[in-house]
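Construct the complete structure from the given sequences, taking the supplied hints into account.
Now for the letters of each chain:
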Amino acid sequence: MNIVVCVKQTPDTAATITVLDGKVSWGDAPLVINPWDEYAVEQALRTKEAHGGKVVALSLGPEAAREALKHALAMGCDEAILVSDPALEGKDSLVVSKVLASAIQKIGGVDMVFVGRQAVDSDTGVTGPQLARRLGWPALSLVAAVSALDPAGKSITVERMIDEGRQVVRSPLPAVLSAVKELNEPRYPSFMGIRKASKATIPVWSAAEVGLTSVPAAVLAWPEIIAPPKVETKCELIEGATPAEAAAKLADRLVAEKVL
Amino acid sequence: MDFSLSSEHEMVQKMVRDFARSEVAPTIRDWDRKQEMAPETLPRMAALGLLGVCIPVRYGGQGMDYIALGLVCEELEAVDSTLRVVMSVHMGLNSLGLLQWGTEAQKQLYLVPQARGERYAGFALTEPGVGSDVARMASTARRVGEEYVLNGEKMWISLATKAHHVLWFAKSDTDAADPHESITAFILETDRPGVTRGDIHGKLGVRAGSTGWIACQDVRLPAANRLGEEGEGFKIAMACLDNGRYTVAAGAAGLIRASLEASIRYAGERQAFGHTIDRFQLIQQKIALMVRDYEAARLLYLRAGWMKNRGQRNTRETSLAKWYATDASFQAASEAIQVHGAYGYSDEYDVERYLRNARGAMIYEGTSEIHQLMQAGYALGLRQDAALRRELPAFDAEAWQAEA
Numbered sequence: 617m618n619i620v621v622c623v624k625q626t627p628d629t630a631a632t633i634t635v636l637d638g639k640v641s642w643g644d645a646p647l648v649i650n651p652w653d654e655y656a657v658e659q660a661l662r663t664k665e666a667h668g669g670k671v672v673a674l675s676l677g678p679e680a681a682r683e684a685l686k687h688a689l690a691m692g693c694d695e696a697i698l699v700s701d702p703a704l705e706g707k708d709s710l711v712v713s714k715v716l717a718s719a720i721q722k723i724g725g726v727d728m729v730f731v732g733r734q735a736v737d738s739d740t741g742v743t744g745p746q747l748a749r750r751l752g753w754p755a756l757s758l759v760a761a762v763s764a765l766d767p768a769g770k771s772i773t774v775e776r777m778i779d780e781g782r783q784v785v786r787s788p789l790p791a792v793l794s795a796v797k798e799l800n801e802p803r804y805p806s807f808m809g810i811r812k813a814s815k816a817t818i819p820v821w822s823a824a825e826v827g828l829t830s831v832p833a834a835v836l837a838w839p840e841i842i843a844p845p846k847v848e849t850k851c852e853l854i855e856g857a858t859p860a861e862a863a864a865k866l867a868d869r870l871v872a873e874k875v876l
Numbered sequence: 002m003d004f005s006l007s008s009e010h011e012m013v014q015k016m017v018r019d020f021a022r023s024e025v026a027p028t029i030r031d032w033d034r035k036q037e038m039a040p041e042t043l044p045r046m047a048a049l050g051l052l053g054v055c056i057p058v059r060y061g062g063q064g065m066d067y068i069a070l071g072l073v074c075e076e077l078e079a080v081d082s083t084l085r086v087v088m089s090v091h092m093g094l095n096s097l098g099l100l101q102w103g104t105e106a107q108k109q110l111y112l113v114p115q116a117r118g119e120r121y122a123g124f125a126l127t128e129p130g131v132g133s134d135v136a137r138m139a140s141t142a143r144r145v146g147e148e149y150v151l152n153g154e155k156m157w158i159s160l161a162t163k164a165h166h167v168l169w170f171a172k173s174d175t176d177a178a179d180p181h182e183s184i185t186a187f188i189l190e191t192d193r194p195g196v197t198r199g200d201i202h203g204k205l206g207v208r209a210g211s212t213g214w215i216a217c218q219d220v221r222l223p224a225a226n227r228l229g230e231e232g233e234g235f236k237i238a239m240a241c242l243d244n245g246r247y248t249v250a251a252g253a254a255g256l257i258r259a260s261l262e263a264s265i266r267y268a269g270e271r272q273a274f275g276h277t278i279d280r281f282q283l284i285q286q287k288i289a290l291m292v293r294d295y296e297a298a299r300l301l302y303l304r305a306g307w308m309k310n311r312g313q314r315n316t317r318e319t320s321l322a323k324w325y326a327t328d329a330s331f332q333a334a335s336e337a338i339q340v341h342g343a344y345g346y347s348d349e350y351d352v353e354r355y356l357r358n359a360r361g362a363m364i365y366e367g368t369s370e371i372h373q374l375m376q377a378g379y380a381l382g383l384r385q386d387a388a389l390r391r392e393l394p395a396f397d398a399e400a401w402q403a404e405a
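Read top to bottom, the protein sequences are chains B and S.
Basically the numbering used here = 1-based index in the first sequence + 616.
Basically the numbering used here = 1-based index in the second sequence + 1.
Keep in mind that the hints are not guaranteed to be accurate.
To be verified - SDA-like, lysine to any residue: derived pairs with alpha carbons at most 25 Å apart: (1) B/K797 to B/D739; (2) B/K815 to S/A395; (3) S/K236 to S/G382; (4) S/K204 to S/I364; (5) B/K815 to S/R18; (6) B/K797 to S/E404; (7) B/K670 to B/V726; (8) B/K815 to B/P646; (9) S/K35 to S/A343; (10) B/K797 to S/R22; (11) B/K815 to S/K236; (12) B/K850 to S/D279; (13) B/K664 to B/D727; (14) S/K204 to S/R357; (15) S/K236 to S/Q376; (16) B/K815 to S/P394; (17) B/K722 to B/M617; (18) B/K815 to S/E404; (19) B/K815 to S/E270; (20) B/K664 to B/V726; (21) B/K815 to S/W401; (22) B/K846 to B/S641; (23) B/K812 to S/R45; (24) S/K236 to S/A395; (25) B/K812 to S/A343; (26) B/K850 to S/T277; (27) B/K846 to S/R280; (28) B/K812 to S/W401; (29) B/K846 to S/E270; (30) B/K815 to S/A398; (31) B/K797 to S/Q14; (32) B/K812 to S/S5; (33) B/K815 to S/T277; (34) B/K714 to B/T829; (35) B/K714 to B/S700; (36) B/K797 to S/A26; (37) B/K664 to B/P646.
To be verified - Here chain S is said to cover these stretches of chain B; the calculated rule only asks that three of the stretch's residues, wherever they fall, bring their Cβ under 8 Å from a Cβ of chain S: (38) 685-699; (39) 798-807.
No wet-lab data here; the hints were simulated from the structure.
Yeah, the Cβ is synthetic: ideal placement off N, Cα and C, and Gly gets one too.
Put into structure tokens, the structure is as follows:
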């Protein structure tokens with residue numbers, strides 16, 4: 617099985633987001649591998665361990681994204697590739713999916729692509745399905761379990777998380793799968809993996825090197841991030857001569873406030 | 002001069018932090034209340050490779066350097082001191098002692114399974130009647146042919162009931178003119194006939210850890226289990242303490258950091274007089290002191306680790322780091338309780354556990370008073386370190402990471 621897992625370097629989930637001069641900023645928050653991508657890496661590694669082959673970690677981002685790739689290598693991925701180009705800075709998921717699809721085609725012979733369900737910085741959750749569309753492969757989103765995988769027959773059966781429960785889906789391979797946290801428990805990087813990752817040479821591909829002669833303009837922009845309105849709380853004591861009277865007054869107030 | 006950590010070190014830091022936060026933090030209060038070590042603690046630390054972190058790969062370890070050991074200890078103690086105590090005794094006091102003093106056969110037999118986490122290791126020096134005054138120990142080792150016969154009792158021994166091997170110190174020559182030259186070190190398997198042991202309960206802190214006693218009654222030990230030369234035990238014990246104290250110093254830096262982070266979090270939420278309390282200068286002063294002490298403690302232990310990497314003798318620097326960091330960690334935890342007010346006094350918040358845990362480190366592995374005497378001794382020219390027959394090997398990435 618030739619597996620690609622897409623990872624993104626994101627701010628730590630505890631980071632506070634702000635917009636300064638029209639640019640999104642997470643301040644000096646530590647950067648980590650997108651937590652959802654760890655589930656994708658884990659599943660990619662488990663698939664390789666069960667069926668053989670290799671796992672390539674792929675990231676699109678600035679030089680700092682190298683650290684997310686090192687984390688994936690330290691967990692056990694065999695190789696890592698960074699796609700980095702100033703022309704790609706600030707692009708939306710539609711552009712990202714095009715670049716990733718081109719990189720995956722350049723890698724060649726890929727049977728499965730794993731992604732996290734969404735990135736914790738932009739939270740769009742559409743890169744995976746868009747990538748599948750770009751590749752012309754089935755999109756198996758929100759995968760909570762892989763029930764069967766037949767590499768020879770090139771088919772896979774998964775359980776998808778849906779509001780009503782779990783949906784069993786059978787699909788041919790190659791396919792793009794997005795991972796949710798019910799899928800597995802990501803392993804910690806091992807010391808041996810850390811040593812290997814720190815010495816690894818990670819090739820950097822430009823947009824041109826993945827075959828894009830021109831980078832499409834981003835359609836979406838983030839002109840502003842609006843913080844949720846502050847919740848003001850005030851305390852009001854409802855009194856009554858008897859508990860029944862107090863309860864009736866409370867019910868009236870709740871109706872008046874449109875709570876009930 | 003380069004103060005930055007390598008990306009390898011940063012990955013180690015993150016891995017250990019994630020482990021401690023996700024697997025230990027959620028239940029540590031319950032185990033602390035029960036005064037028991039969580040049964041999964043040691044197997045998980047072993048599975049992650051922590052028990053062999055800075056031992057060469059050819060001896061079953063992970064091949065990282067001494068700085069990585071310090072970072073591991075800082076991250077572990079930022080969640081609970083009991084985890085760091087495991088590193089102090091298993092790695093600092095025992096495994097690094099074997100790396101420094103052991104014969105090749107001893108390394109293969111004892112260090113390899115310890116570094117792989119298949120065997121746990123401890124350090125048995127302190128006795129019921131002897132702490133700082135090591136040379137007055139009562140335990141004896143009598144040579145009989147190709148064996149030694151051990152008798153005596155050791156007290157306040159971390160992992161006493163968990164360790165498979167302990168370094169055991171006993172007087173092999175009760176008539177020696179200099180009592181320091183009367184002590185010999187041994188590698189003792191705790192399943193030998195005549196070894197009994199038990200846990201101690203009712204401690205102020207490190208309650209989720211294992212601390213106990215070990216007694217030897219006519220325990221027969223092959224002469225091959227002797228570590229170093231006869232009469233070299235005091236020097237071996239002190240050399241082991243150079244490594245144990247390093248882990249304690251690094252851990253104490255983690256405890257200061259934990260106190261600081263808890264204080265910042267709480268002070269940013271708690272309201273008084275119409276403001277969050279982090280707006281008040283007396284709270285800010287406590288935060289500032291914790292920042293100062295964390296950074297100073299961290300720099301002191303990292304310097305000691307850097308010297309270990311280079312193979313430089315670091316008894317003075319390690320003692321200074323241990324003394325400063327442990328005293329400061331107790332102060333930081335105490336101030337963190339003050340920031341938390343009455344909530345800090347209950348175990349609803351972690352800071353009261355930090356305070357109880359910090360207190361012991363001012364006593365074990367050299368009391369704060371011993372370290373002050375050492376520092377004064379160095380400064381006044383009354384004390385200097387003589388070269389050892391065998392020094393702790395300098396870190397050599399290639400040698401450490403070679404398979405054989």
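Okay, the hints, checked on the actual structure:
no., hint, verdict
1, B/K797 to B/D739, "holds (15 Å)"
2, B/K815 to S/A395, "holds (21 Å)"
3, S/K236 to S/G382, "holds (20 Å)"
4, S/K204 to S/I364, "holds (13 Å)"
5, B/K815 to S/R18, "holds (22 Å)"
6, B/K797 to S/E404, "violated (36 Å)"
7, B/K670 to B/V726, "holds (10 Å)"
8, B/K815 to B/P646, "holds (22 Å)"
9, S/K35 to S/A343, "holds (23 Å)"
10, B/K797 to S/R22, "holds (18 Å)"
11, B/K815 to S/K236, "violated (38 Å)"
12, B/K850 to S/D279, "holds (23 Å)"
13, B/K664 to B/D727, "holds (11 Å)"
14, S/K204 to S/R357, "holds (9 Å)"
15, S/K236 to S/Q376, "holds (19 Å)"
16, B/K815 to S/P394, "holds (23 Å)"
17, B/K722 to B/M617, "holds (17 Å)"
18, B/K815 to S/E404, "holds (17 Å)"
19, B/K815 to S/E270, "violated (43 Å)"
20, B/K664 to B/V726, "holds (13 Å)"
21, B/K815 to S/W401, "holds (15 Å)"
22, B/K846 to B/S641, "holds (21 Å)"
23, B/K812 to S/R45, "holds (22 Å)"
24, S/K236 to S/A395, "holds (19 Å)"
25, B/K812 to S/A343, "violated (48 Å)"
26, B/K850 to S/T277, "holds (18 Å)"
27, B/K846 to S/R280, "holds (20 Å)"
28, B/K812 to S/W401, "holds (14 Å)"
29, B/K846 to S/E270, "holds (15 Å)"
30, B/K815 to S/A398, "holds (12 Å)"
31, B/K797 to S/Q14, "holds (23 Å)"
32, B/K812 to S/S5, "holds (20 Å)"
33, B/K815 to S/T277, "violated (47 Å)"
34, B/K714 to B/T829, "holds (12 Å)"
35, B/K714 to B/S700, "holds (14 Å)"
36, B/K797 to S/A26, "holds (20 Å)"
37, B/K664 to B/P646, "violated (30 Å)"
38, 685-699, "holds (count 3)"
39, 798-807, "holds (count 4)"
Of the numbered hints listed earlier, those contradicted by the structure are 6, 11, 19, 25, 33, 37.
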